[in-house]
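Protein chains: 4
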Amino acid sequence: MPGYSDAREAHLRRLRRIEGQIRGLQRMVDDDVYCIDVLTQVSAATRALQSFALELLSEHMAGCVVDAARNDPEEGAAKVKEAADAIARLVKS
Amino acid sequence: MPGYSDAREAHLRRLRRIEGQIRGLQRMVDDDVYCIDVLTQVSAATRALQSFALELLSEHMAGCVVDAARNDPEEGAAKVKEAADAIARLVKS
Amino acid sequence: MPGYSDAREAHLRRLRRIEGQIRGLQRMVDDDVYCIDVLTQVSAATRALQSFALELLSEHMAGCVVDAARNDPEEGAAKVKEAADAIARLVKS
Amino acid sequence: MPGYSDAREAHLRRLRRIEGQIRGLQRMVDDDVYCIDVLTQVSAATRALQSFALELLSEHMAGCVVDAARNDPEEGAAKVKEAADAIARLVKS
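Protein chains in written order, with my numbering: chain A, 1 to 93; chain B, 1 to 93; chain C, 1 to 93; chain D, 1 to 93.
Isolated chain A (complex conformation) (with noise of 0.2 Å):
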């Protein structure tokens, strides 16, 4: 089970959430809504995608990563990697 699985239904309400702001941008673009207040939609939802993400990884690294660490000192370091490359993606985009 990945780490993530007892917080699954507030990850799932807040990606419904996220799916309605993305619905919510394309209702403001269809009616012509200034481009300015679109943006700080926008920015609403991106960091909104990153809370997620940043709760999700934290999850993983307490789960995953020490359960793994805690095993096997090979299979620890490689998770460390897997997150490590995770936690690039996610600061460069």
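No lab work stands behind these hints, which were simulated from the structure alone.
One or more hints might be untrue.
The list makes no distinction among identical chains, and a pair is therefore deemed to hold if it is satisfied within one copy or across any two copies.
Listed next, the in silico EDC-like pairs over lysine to aspartate or glutamate satisfying Cα-Cα at most 20 Å (straight line) [stated by the list, open to error]: (1) 81 to 37; (2) 81 to 55; (3) 92 to 37; (4) 92 to 32; (5) 92 to 31; (6) 92 to 6; (7) 81 to 67; (8) 81 to 6; (9) 81 to 59; (10) 92 to 55.
With chain A's structure known, arrange chains B, C and D on it following the hints.
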């Protein structure tokens, strides 16, 4: 009319794709997909949102900001300040 | 003259402070300071660099871009495209 | 000893290069270099800082966090929380 109205359909297609990516994240979380794979998709959705924002911003600058600058210096300065604040929010999100 | 020349001294002071922050990071690494504390300082230096860039960008838009737009539509469009590309680099760094 | 001590010299070389980039920015501003070219260098320096931070974070996770996780679950959880907070600061800077 906002600067993006000529490209409205392209923007709506893009936003619908992003909406699909967010629903895809929900399915991944529902299916207990491995955390790192979920995070990879979050980075992809974040980059798609960013590209949409940058496109919209560019059209706004080429349209609303330039038109205001040509009409009236003060109006132009106000539009530039507004755009600069939106850019700051994008950079910091 | 670039749009930032009126604020040159303020920009130079800012850049010297950032230079000091980077030298501070060197001392921390030299002194084996705890990783998390070093990372906290890296985030501070990154934000300072970002603020400098946003200030410079705002002055550029208010100066060079608006002037070009008022002189000649084509020149204005070229300056907008150039600024939009610089913003994209900032957002993605 | 922090997780990065084995790579200290490489980190110090990197930080000195970044220091040189910041001094280079000062020269550009002193010489009234075109704003967009200055902004391009700011993006380069920001990415260099990010790479340094990601490297340090990876070493910290492979060293301090994994060691704590192997010694004591509670200590491991505390180190994970601390690292997750540092990652959040990086992602949001």
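* Is it within a copy, between copies, both, or neither that the alpha carbon of residue 92 lies no farther than 20 Å from that of residue 31? -> neither (32 Å within a copy, 27 Å between copies)
* Asked: Which holds for residue 92 with residue 37 at a C-alpha limit of 20 Å: within a copy, between copies, both or neither?
  -> between (25 Å within a copy, 17 Å between copies)
* Intra/inter-copy verdict for residue 81 and residue 67 if alpha-carbon distance must be at most 20 Å -> Answer is both: 15 Å inside a copy and 15 Å across each meet the 20 Å cutoff.
* **Intra/inter-copy verdict for residue 92 and residue 32 if alpha-carbon distance must be at most 20 Å** => neither (31 Å within a copy, 26 Å between copies)
* Are the CA atoms of residue 81 and residue 59 at most 20 Å apart within a copy, between copies, both, or neither? -> both (16 Å within a copy, 9 Å between copies)
* **Copy assignment of residue 92 with residue 6, given that the CA separation must stay at most 20 Å** => neither (28 Å within a copy, 26 Å between copies)
* Under a CA distance limit of 20 Å, which applies to residue 81 and residue 6: within one copy, between copies, both, or neither? -> between (24 Å within a copy, 17 Å between copies)
* To do: Measure nothing new, just compare the shortest in-copy and cross-copy C-alpha distances for residue 81 and residue 55 to 20 Å and report within, between, both or neither.
  => The answer is both: 19 Å in one copy and 11 Å across copies each meet 20 Å.
* To do: Give the relationship of residue 92 and residue 55 under a CA distance limit of 20 Å: within one copy only, between copies only, both, or neither.
  => both (17 Å within a copy, 14 Å between copies)
* To do: Using 20 Å as the alpha carbon limit, work out where residue 81 and residue 37 are close: within a copy, between copies, both or neither.
  => between (40 Å within a copy, 14 Å between copies)
In the structure shown, a violation is registered for the earlier hints numbered 4, 5, 6, in ascending order.
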